[in-house]
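*Asks:* Heads up: the sequence lines are chains A and B, in that order.
Residue numbering for the first sequence follows full-length UniProt numbering, beginning at 1 and increasing consecutively.
Residue numbering for the second sequence follows full-length UniProt numbering, beginning at 1 and increasing consecutively.
In short, the hints are calculated from the structure, not lab data.
Heads up, some of the hints might be wrong.
All copies of an identical chain are treated as equivalent in the list; a pair is satisfied when it fits inside any one copy or across any two copies.
Claimed, not checked - Once the Cα atoms are required to be at most 27 Å apart in a straight line, the calculated DSS-like pairs of lysine-lysine come out as:
no., residue 1, residue 2
1, Lys58, Lys229
2, Lys58, Lys413
3, Lys228, Lys58
4, Lys209, Lys159
5, Lys58, Lys226
6, Lys360, Lys209
7, Lys209, Lys93
8, Lys209, Lys413
9, Lys423, Lys89
10, Lys159, Lys93
11, Lys392, Lys171
12, Lys150, Lys360
2 protein chains.
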Amino acid sequence: MNTKQSDNLLKNKMNRRQMLKLTGAGTAGVLIGATGFGSVANSFGYSIVDDNMTATEKVPFYGSHQSGIVTNVQKHIYFASLNVIVTSKEELKDLFEMWTPLAVRMMNGEEIAEPTTNSYVAAQDTGEAVGLSASNLTITFGVGPTLFEKSKLGLGHLKPTELEALPHFPKDQLDESYSSGDLCIQACADDPQVAFHAVRNLIRSASGKVILKWTQAGFNSIPVEKNKKQTPRNLFAFKDGTGNPNVNDTKEMNDVVWVQSNESVPWMTGGTYLVARRIQMHLETWDRTALGEQEATFGRHRDSGAPIGKTGEFEDMELARKDSSGNPIIPTTSHVHLAKLVDDRILRRSFSYSSGMDPKTGVFDAGLLFISFQKHPKQFINIQNSLGRIDKLNEYITHRGSATFACFPGIQKGSFVGESLFKA
Amino acid sequence: MNTKQSDNLLKNKMNRRQMLKLTGAGTAGVLIGATGFGSVANSFGYSIVDDNMTATEKVPFYGSHQSGIVTNVQKHIYFASLNVIVTSKEELKDLFEMWTPLAVRMMNGEEIAEPTTNSYVAAQDTGEAVGLSASNLTITFGVGPTLFEKSKLGLGHLKPTELEALPHFPKDQLDESYSSGDLCIQACADDPQVAFHAVRNLIRSASGKVILKWTQAGFNSIPVEKNKKQTPRNLFAFKDGTGNPNVNDTKEMNDVVWVQSNESVPWMTGGTYLVARRIQMHLETWDRTALGEQEATFGRHRDSGAPIGKTGEFEDMELARKDSSGNPIIPTTSHVHLAKLVDDRILRRSFSYSSGMDPKTGVFDAGLLFISFQKHPKQFINIQNSLGRIDKLNEYITHRGSATFACFPGIQKGSFVGESLFKA
Ligand code: HEM
Ligand code: HEM
Numbered sequence: 001m002n003t004k005q006s007d008n009l010l011k012n013k014m015n016r017r018q019m020l021k022l023t024g025a026g027t028a029g030v031l032i033g034a035t036g037f038g039s040v041a042n043s044f045g046y047s048i049v050d051d052n053m054t055a056t057e058k059v060p061f062y063g064s065h066q067s068g069i070v071t072n073v074q075k076h077i078y079f080a081s082l083n084v085i086v087t088s089k090e091e092l093k094d095l096f097e098m099w100t101p102l103a104v105r106m107m108n109g110e111e112i113a114e115p116t117t118n119s120y121v122a123a124q125d126t127g128e129a130v131g132l133s134a135s136n137l138t139i140t141f142g143v144g145p146t147l148f149e150k151s152k153l154g155l156g157h158l159k160p161t162e163l164e165a166l167p168h169f170p171k172d173q174l175d176e177s178y179s180s181g182d183l184c185i186q187a188c189a190d191d192p193q194v195a196f197h198a199v200r201n202l203i204r205s206a207s208g209k210v211i212l213k214w215t216q217a218g219f220n221s222i223p224v225e226k227n228k229k230q231t232p233r234n235l236f237a238f239k240d241g242t243g244n245p246n247v248n249d250t251k252e253m254n255d256v257v258w259v260q261s262n263e264s265v266p267w268m269t270g271g272t273y274l275v276a277r278r279i280q281m282h283l284e285t286w287d288r289t290a291l292g293e294q295e296a297t298f299g300r301h302r303d304s305g306a307p308i309g310k311t312g313e314f315e316d317m318e319l320a321r322k323d324s325s326g327n328p329i330i331p332t333t334s335h336v337h338l339a340k341l342v343d344d345r346i347l348r349r350s351f352s353y354s355s356g357m358d359p360k361t362g363v364f365d366a367g368l369l370f371i372s373f374q375k376h377p378k379q380f381i382n383i384q385n386s387l388g389r390i391d392k393l394n395e396y397i398t399h400r401g402s403a404t405f406a407c408f409p410g411i412q413k414g415s416f417v418g419e420s421l422f423k424a
Numbered sequence: 001m002n003t004k005q006s007d008n009l010l011k012n013k014m015n016r017r018q019m020l021k022l023t024g025a026g027t028a029g030v031l032i033g034a035t036g037f038g039s040v041a042n043s044f045g046y047s048i049v050d051d052n053m054t055a056t057e058k059v060p061f062y063g064s065h066q067s068g069i070v071t072n073v074q075k076h077i078y079f080a081s082l083n084v085i086v087t088s089k090e091e092l093k094d095l096f097e098m099w100t101p102l103a104v105r106m107m108n109g110e111e112i113a114e115p116t117t118n119s120y121v122a123a124q125d126t127g128e129a130v131g132l133s134a135s136n137l138t139i140t141f142g143v144g145p146t147l148f149e150k151s152k153l154g155l156g157h158l159k160p161t162e163l164e165a166l167p168h169f170p171k172d173q174l175d176e177s178y179s180s181g182d183l184c185i186q187a188c189a190d191d192p193q194v195a196f197h198a199v200r201n202l203i204r205s206a207s208g209k210v211i212l213k214w215t216q217a218g219f220n221s222i223p224v225e226k227n228k229k230q231t232p233r234n235l236f237a238f239k240d241g242t243g244n245p246n247v248n249d250t251k252e253m254n255d256v257v258w259v260q261s262n263e264s265v266p267w268m269t270g271g272t273y274l275v276a277r278r279i280q281m282h283l284e285t286w287d288r289t290a291l292g293e294q295e296a297t298f299g300r301h302r303d304s305g306a307p308i309g310k311t312g313e314f315e316d317m318e319l320a321r322k323d324s325s326g327n328p329i330i331p332t333t334s335h336v337h338l339a340k341l342v343d344d345r346i347l348r349r350s351f352s353y354s355s356g357m358d359p360k361t362g363v364f365d366a367g368l369l370f371i372s373f374q375k376h377p378k379q380f381i382n383i384q385n386s387l388g389r390i391d392k393l394n395e396y397i398t399h400r401g402s403a404t405f406a407c408f409p410g411i412q413k414g415s416f417v418g419e420s421l422f423k424a
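Using the sequences plus the hints, can you model the full thing?
*Replies:* Shown next, in the form of structure tokens:
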């Protein structure tokens, strides 16, 4: 491990510890939180009302960045990739202008319009989220490379050179029906119906302007211990997210996630690039694998999430450590070792999926909707290249879908989603 | 409406009111419940810790009936239909005997076996539920008609005559890949990973003995108002479950759900028949439909769930009421009117699904995993026949999958799932 990396690790650890903040429990509207537990902070993890979520279960829409990126991860996602069928830049701009107040209302826990009393018209809001709280809903919008290639839209000259379909990686087995798209809407919430409702209403209001390219629902089951949220486990039972940069550290987020004014194209300042990979996880093969081999695959212990040979989840992962016979303690072909070999970092914000059966093979169709945010897609590309053919994990997973989107900067009151692009 | 029906309705209403019980909030282990709200009972609905769920988020496994039937509905389901590949009754019995303690442990929030410290073997439990609470997990087992037709198993003479694949109904468009099965495992929990984990571990432990036939995940988003759970809305935004019989009324459950000793075959006494229908809901068509037409489709108001012309969700649905011009207020072709035309009643326990896109049509693949329990499948059949071709709802839905299972009676300590069948 190089110095930059160990610095980062140390910084993470400190920040994570420092950021712990006890929130006042018992406020009306907090449906979880006031549980009769003492408010003793667990050394690691988040308080149950996260630092960047509020007691009213509402995440603010307006801000310098879009929500759903550094927002602490919610329990559910409904991700939709769309193609546009509008034929002018003006119409596309109108679409985002129309979407903006709807997103604001839904993130506020409201219907997209006041309920109608006229029974001769269709209700504007599809209504299935009535009575549910805002559930920390976030809605994140992005544009894909193919949007800029539609010449009628006249956006070609504004395409960031880094916004490209990802290169083919060794072992990719991509299916176009889970790949690419002109636009994306990422809706995350602590309730699956609230997340789905958001996408459904945005799509419906854009009828005749967009069509679905692919969608995927997913979940994160977040253990709560002594009133603190813990790192969720993926379907391979390993804690997933431990090594992430600290979303509460502005400097780190500026380094890793947010496009700065001298990078990319100007309209992306304050924005970020989203990479989505639909990765099938071969549960049956994994479940037959010895515990030690599973741990060697990741370089971490399954139960604690600690680096191999250590006990605490957030202890330093010292790649250089050797055992008494001089062999590296963290296997050099382990997922985390390889992910750390390059200087690049990314913010992972993935969700598990398990929606049914793979009719071809008769096994569970389950895996990870891997999502990462980075100020430049090459951060993801460099890591994925490092994982390459040698990552032990490759034996147990298959990448089936791939898409990349440029997520707009944050929206200010009076402005609309994507304004920086349309006014560029 | 006939007298029996209005009696039933009245009884429901009374029981629902009577059954309200305030549970002591603030107990350690109740992660939701003690919210700072006053403990004033809402006139309708369930207290947030339901009468038949416990403050520890554990539903008991043992009892006179299986769990997951009259248990108040959880937020998530993972339903699996399996075919068996064992070739003797003995092996099948061994399978259920082996499954029993695993189900007990998982419903207790434990791993299926103590975690191994031997890193040379595969862990017995797949581990992804570690750290999550029992989440009110219920696991319900049933056997389908095809099981009894496998002559090697020698169970033919024990087949209840009423356990048959359902007849073809008008408008059915069934897909064999979402239909039938020798066995079913219904896992319901307030957490999707806990439900999936249960099915995954049961299947894995039965490797070489069963294969997946079809699976479906689903959810219910349960609004909470003033500390009381409300009736969830389906993806058509209507409250779904209002007209259900009262699960807390033993007499009613004996009338509707539980096979009595003089009915069916003896080994089914205390058991029930499960009907599962995977019903696609055409959201796009529905969303274009005027509110009044939507309400006429169900015979209820969308917002309140009340019968048309009334304001309270649980007010009497008086089918005979006419408006000033002599027309029935509840349209005679409405779903609820038709469902009430027959004397039969069923206990519905359905979940919404919305897992992705229908690749053929480009629309959301969403709908209802309709599940009902009844002491005889004819109760379902009679209602479905009444809905027949004329139910207004038919325009907006398509039945795509169908299965029926005989769910064993409850399990006593020292006994195992299905014992009554294997000892018959
Ligand atoms: C199904 C596929 C995958 C699974 C199950 C998986 C699982 C994990 C696990 C368990 C960890 C250790 C805990 C943690 O830090 O979160 C980890 C770390 C990591 N993974 Fe993955 N991963 C997958 C795919 C990927 C992909 C496609 C990338 C990017 C190309 C990636 C990049 C990383 C990074 C950067 C780390 C953190 C390394 C550090 O500690 O700095 N992973 N992953
Ligand atoms: C996607 C398909 C379906 C949807 C969206 C749906 C929705 C509804 C709704 C909104 C109600 C009124 C509220 C309530 O009492 O729960 C209702 C009632 C009912 N439905 Fe359905 N339903 C569907 C399929 C079925 C099927 C297949 C059956 C059985 C054959 C059925 C049987 C009933 C019964 C018995 C009632 C209660 C009637 C009463 O008040 O006594 N439903 N349904």
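*Asks:* The structure should be examined with respect to each hint, and the outcome stated for every one.
*Replies:* Evaluation of the provided hints:
Taking the shortest Cα distances, Lys58 and Lys229 sit within 27 Å of each other both inside one copy (18 Å) and across copies (20 Å). For the identical chains of this complex, Lys58 and Lys413 are intra-copy neighbours only, at 17 Å inside a copy versus 46 Å across copies, given an alpha-carbon limit of 27 Å. For the identical chains of this complex, Lys228 and Lys58 are neighbours both inside a copy (19 Å) and across copies (21 Å), given an alpha-carbon limit of 27 Å. Taking the shortest alpha-carbon separations for Lys209 and Lys159, only the intra-copy value of 21 Å comes in at or below 27 Å, while the best inter-copy value is 55 Å.
Taking the shortest Cα distances, Lys58 and Lys226 sit within 27 Å of each other both inside one copy (23 Å) and across copies (18 Å). With identical chains, the CA atoms of Lys360 and Lys209 are at most 27 Å apart between copies only, with a shortest distance of 19 Å across copies and 34 Å within one. In the homo-oligomer, the alpha carbons of Lys209 and Lys93 lie at most 27 Å apart inside one protomer (11 Å), although the nearest pairing across protomers, at 57 Å, exceeds that limit. In this assembly of identical chains, the alpha carbons of Lys209 and Lys413 lie at most 27 Å apart only when taken from the same copy (25 Å versus 60 Å across copies).
Within a single copy, Lys423 and Lys89 get their C-alpha atoms as close as 11 Å, which meets the 27 Å cut-off; across copies the closest is 73 Å, which misses it. Only within a single protomer do Lys159 and Lys93 lie at most 27 Å apart by alpha-carbon distance; the minimum there is 16 Å, versus 64 Å between protomers. In this assembly of identical chains, Lys392 and Lys171 lie within 27 Å of each other by CA distance solely inside one copy; the values are 12 Å within and 50 Å between copies. Taking the shortest alpha-carbon separations for Lys150 and Lys360, only the inter-copy value of 25 Å comes in at or below 27 Å, while the best intra-copy value is 36 Å.
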